[in-house]
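K.L.:
Put chain B with the ligands on the given structure of chain A with help from the hints.
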Amino acid sequence: MSERPLTANIRSNAPPLTVAEYEEAGGYQALRKALTTLAPAEVTKLIKEANLRGRGGAGFPTGVKWGFVPMGADAPRPKYLVVNADEMEPGTFKDRLLLEGDPHLMVESMILSAYAIEAEIAYIFLRGEYVLAGKRVGQAIDEARARGYLGRNILGTGYSLQIYMHMSAGRYICGEETALLNSLEGKRAIPRAKPPFPQTSGLFGKPTIVNNVETLCNVPHIVNRGVEWFKKLSRTKNGGTKLYGVSGKVKKPGVWELPMGTTAREILEEHAGGMRDGLQLRGIIPGGASTEFLFEEHLDLMMDFDTVQQAGSRLGTGTMIVLDDRTCPVGMVHNLTKFFAHESCGWCTPCREGLPWLERILKALEDGKGATGDLEEIRTHVKFLGPGLTYCPLAPGAMAPLGSALNRWRDDFEKHIRERRCPWR
Amino acid sequence: MATIYVDNKPYVVNEGRNLLQVCLSLGFNLPYFCWHPALGSVGACRQCAVKQFKDEKDKRGKIVMACMTPAAEGVRIAVDDEEARQFRETVIEWLMANHPHDCPVCDEGGECHLQDMTVMTGHNYRKYRFPKRTYQNQYLGPFINHEMNRCIQCYRCVRFYQDYAGGQDLGVFAAHDRVYFGRHKDGVLENEFSGNLVELCPTGVFTDKTLKGHYTRAWDLQTAPSVCVHCGVGCNTTPGERYGLLRRIHNRFNHDVNGYFLCDRGRYGYEFVNGERRVRTPLLKRDGALGPVTRAEALTEIGKVLSGPAVLLGIGSPRASIESNFALRELVGPDRFYDGVSARERQLLSAMLSTLRAPGVHSPSLREVGEADAVFVLGENLAEVAPMIALQVRQAVYRSTVPMGERLGIPAWHDSAIREAIQGRHGPLYLATVTGDKLADVATRSWCAAPDDLARLGFAVAHCIDPTAPSVSDLSEELPGLAKEIAGALRSAQRPLIVSGPSCGSLAVVQAAANVAISLSAAGAQHAALCYDAPECNSFGPALLDGHGLDEALQAAKSGSVYAAIVLENDLYRRADRAAVDAFLEGAEQVVVIDHTVHDTTKRADVVLPAATFAEGDGTLVNNEGRAQRFVQVFKAQGDVQESWRWLGELSRTAPSNGAWQNLDHICTRIAETAPALGEIARVAPAATARFLAQRIPRQAHRYSGRTAIGAHVNVHEPALPEDPDSPMAFSMEGFPSTCSSALTSAYWAPGWNSVQALNKFQAEVGGPLRVGNAGVRLWEVAEGHDHKYFEVIPPAFQSREKEHLAVPLHHIFGSEELSVLSPSVAERAPASYVAVNFRDAEALQITDGENVQLVLDGIPYRLPVRILPDLPSGVVGLPSGLPEMSWVKLPGWGKIVKEVPA
Ligand SMILES: Cc1cc2nc3c(=O)[nH]c(=O)nc-3n(C[C@H](O)[C@H](O)[C@H](O)COP(=O)(O)O)c2cc1C
Ligand code: SF4
Ligand code: SF4
Ligand code: SF4
Ligand code: FES
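One line per chain: the protein sequences are A and B, in this order.
The first sequence lines up with residues 1 to 425 when you count with the working numbering.
The second sequence lines up with residues 1 to 903 when you count with the working numbering.
So here's chain A without its partners, still in its complex pose (with noise of 0.2 Å):
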């Protein structure tokens, strides 16, 4: 088996290695070795070097964003570091994985990336419902605190840093980063328009990363074991493993680290044990609720952030959710399209109007009211919720399934229409 880096300590039914046994486990051994050889910008060069890209949905390249933020004497201060943890995008629950499994791992990769940037404070923004893992990373913290990991002069090396965890209130769209820093800030949680970016201004105006749990979880490693080791766990060209993870009338769903690159049919067939019986697949969304479907023909693509977004969508979460052909699509985009309609923060018109009308149209078409003009309407709706034109990506998120499975499954939707029912029923 290959090697799994992030997920090495985590043993099912029992619970995460304590400060010792983490230690043990070679844990804080990065976090040693940075501090006392590696200087802030020689971490972050590590990482760029890396090609590390985020796993919180966008993929966009760790090193270079922290890259951004001011350093030195003259940076403005305090800096932050923010984990994102809200993981409340649907189908998603890879970052709890890590965080009640190895919190340790969470608390080191934090103390280290915080190092890079310089930041004296660090928040973990955690699901509202993620109780227990809000249990085992407040103990971890106190535990590393213990240690001399954290608080003042860590390791004897000079360095500060205070950690604080947030129990989020529980809204899908305090995930997006900006209107996670307005959360914090005890403010609406509506998106901040960017630019600014939080690297420059971000909480509380100052200069803020963040960043993904599962992105952060691989600092510590890539300190450990080099560059090279790190792009070779992968089977692409994008470097290291990915937590996969596959929910839907599948026979075993779940989560699992492999590399990246390791392709859909690989994932469902092998580690998801494949559809359950009687049942066919009719397409995946590759990536939590916000992405594209893919469909048969794209099961042995490697799933990597460039791959999948060549074949018209995008890697996300990396946490797919599977649609038989026993469920009807149309049921399946007005379902997700109720959550993205509710959760949707009421700042923008195309968003806060638009959703729940798409909403209602959806629903009439399931309960046999459908009209003609409404497949007229949906095309509009996602042509007009699109990248750019609302003023955070939810709104986008939300068009891509419902888009594209417009597009594969049309006969379904004007079946709808036609026979003034859904056939599924």
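Treat each hint with caution, since some may be false.
As the list claims (entries may be wrong) - A few chain B residues facing chain A, derived, Cβ under 7 Å:
| no. | residue |
| --- | --- |
| 1 | R46 |
| 2 | A175 |
| 3 | V179 |
| 4 | L408 |
| 5 | A421 |
| 6 | Q423 |
Hint data in this document are derived by calculation from the structure and do not stem from the laboratory.
Note that the Cβ used here is the ideal one computed from N, Cα and C, for glycine as well.
P.N.:
Same frame as chain A, now just chain B with the ligands:
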């Protein structure tokens, strides 16, 4: 400057703007909602979409929001692009999906930005077939209606209310398509600028509740350019009338003064014009009772006295126009013209005026107040006495932090990003007031003390800035440090500003503020400014006419001489001791009062002549800055009501007179000849003979309806239009709808722009000055020279007394001003009278909040409930100023609090 390309044509535009600003300035009809010239961009509504192209070769382009995109050199965009146009139409379609389409019963109809933008985008067919959302509306107090169903979620209201005006009790609640704009629960909107929501909200959610009480469509309002009469700031207003009733006040944009906004006193104080206490006909006292008579009878009666032996004393008024005060002075002669304010106020006003006109001291416009980068407020609770100055001080402390954001590369117009970057930090603002102030939330430091101690702080600040300024001996513990800090902040600012005024009744405070201004100028500050607020709309007017003190006039009663008095728009009982006024009025051969409203002085008059209010007459007012501004008659009042100066002109003609005048221009010419300080008065507005394309300027919109219909049940003839001898405006919808002079423009309209936002079309650059310049004439500019004369008399530190308390006036935006409180809506917001005491003093006196006590002042007992005010200094008690039920007391003054012993 930058060259940008719009629809393939090059335009040279101002750099540092966004595309929406430049497109609107260039005259393109680009729809928008969330952006507002005074509030900046946030990119929420997505209405202002245009297509942007990378370069000439790029044919595909991408849609961007104009308000969020910098108008940088070489930017290429298309407004006229099919896809962008469709997107804009779709945005309107989304906004209209849940909109109730209740225009026919909506108060906003006809001046609704949402209607305009809907038409502009071409959206006209409804495809949304599902139920609309509905909300529950709230009771928001006497000023504003709430109809949430009409909301299009542009977020302007909360941005104005919270970010711009500092309000706390209006917010946005809930999320997704249920966002709600209102209060946490029903209740009166507290902020003193809430009325601006009526004009800011692009649709009919927030509408004017007082207008609703006598509703008429905007296009049926007759309007004229006017000036607010409820404090000395002189905000420009647009009163609207129909069928003889004044229906509402709207803002009138003046870039140098109030910009887009008004305070609630100014907006809602107008109903005194329609009030039951109006004097509508001449009144004559017969057998001890005043009763209506013809104007001839009244004039004959007055004429008897005018030609008789009595010495004629003329008492002017700070709430009457320059022209009226001047006409009175002409009638009685300069030696017998009195300015009509209390002795103390007169002293304060003349100290303020002479300081402002001294060399080296700049009296800033209201706009300049908002551009200061360090502010020191001495003595004034601005939100209560000159609310719009408070609003501008709030902008000043915000604006002075904007460069912090700009250093991060954020353009100043990007409101949300700037606020995120500066995180509520604000520029230096120091408040030194008698009691806690509404600007405290943005103050660097606030300090409350007795007036003498405030003055001492001011003197100490001046001395820190310029060591040759008189120094203050034995300052109490905290003061030297505070003075130094304030001096430092003012010294290191580019545009330091001192705001002070007469409201705590202390000459020392006014002089201390002057010393700070002089010290800054002595220390070489180039752009230091001193802003004094003035209590009334023409406080400086009578002073500029060199009126004598009212107290001198009141002495006449004791002199034994034979005298008669003409009192101009003045209730003397609000100016002086009741006994003295009684004696004066009783001792006169004849008392003539010319006023529009019944009060205690009119009740004791022998003859009362009905005066026009600002809405029914023309005149000029001088504001606190020294800016002379014209108000033009909005409508002809019924009957004999006319401007006081007209009455006085008629009286002159019956007397062996100084030459009479027939119209406003005559009198202005005469003023310019005889009162050098007012030499510019004729320039304030074009002469009545001016014509524009040989036509007059209409007061009515071209859609004005019902001119011939209204009297049709009586007579189908169209009545003759009233003449206007005083201005080039016509009481008609016909004429040249001129915007040639901002002094003569009250309503702005352009094809497709029926809301207040039509103003865009008349500014050289949106948000900037009007193309034709801003109305008003500054009567003086900073004189050259370095004649730094410091005030030398520094009061000793305040000593509290064993058995007495120093009573000081406390002002209320709603209640303290004589006329506005006659409006039912304002009266509803006015406090009941009280005496304010701090905790410690209350404890010592063994009195509690709400309990009745006796306050004995000058030997007269006043029974008042106690109000605990924690910020009041010990030894000082506060009395509300000017409330209708309180009679005049000389404040500050020492008084005694006596606990009531239950019988
Ligand atoms: C609506 C919305 C929800 C999001 N939710 C999450 C989330 O729950 N967790 C996450 O890591 N990123 C989420 N993102 C992406 C973040 O905005 C951001 O790109 C990410 O945290 C950056 O981290 P990375 O570079 O490590 O991927 C969301 C984005 C959007 C638009
Ligand atoms: S697209 Fe607009 S309304 Fe939707 S979540 Fe983003 S900012 Fe809010
Ligand atoms: S109430 Fe008016 S100003 Fe406020 S968001 Fe709604 S439409 Fe905009
Ligand atoms: S600040 Fe004064 S002048 Fe301006 S609107 Fe208010 S009361 Fe009128
Ligand atoms: S005006 Fe540009 S997005 Fe609202």
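K.L.:
Run every hint past the structure and note whether it holds.
P.N.:
Evaluation of the provided hints:
{"no.": "1", "hint": "R46", "in the structure": "holds, 5 Å"}
{"no.": "2", "hint": "A175", "in the structure": "holds, 5 Å"}
{"no.": "3", "hint": "V179", "in the structure": "holds, 4 Å"}
{"no.": "4", "hint": "L408", "in the structure": "holds, 5 Å"}
{"no.": "5", "hint": "A421", "in the structure": "holds, 4 Å"}
{"no.": "6", "hint": "Q423", "in the structure": "holds, 4 Å"}
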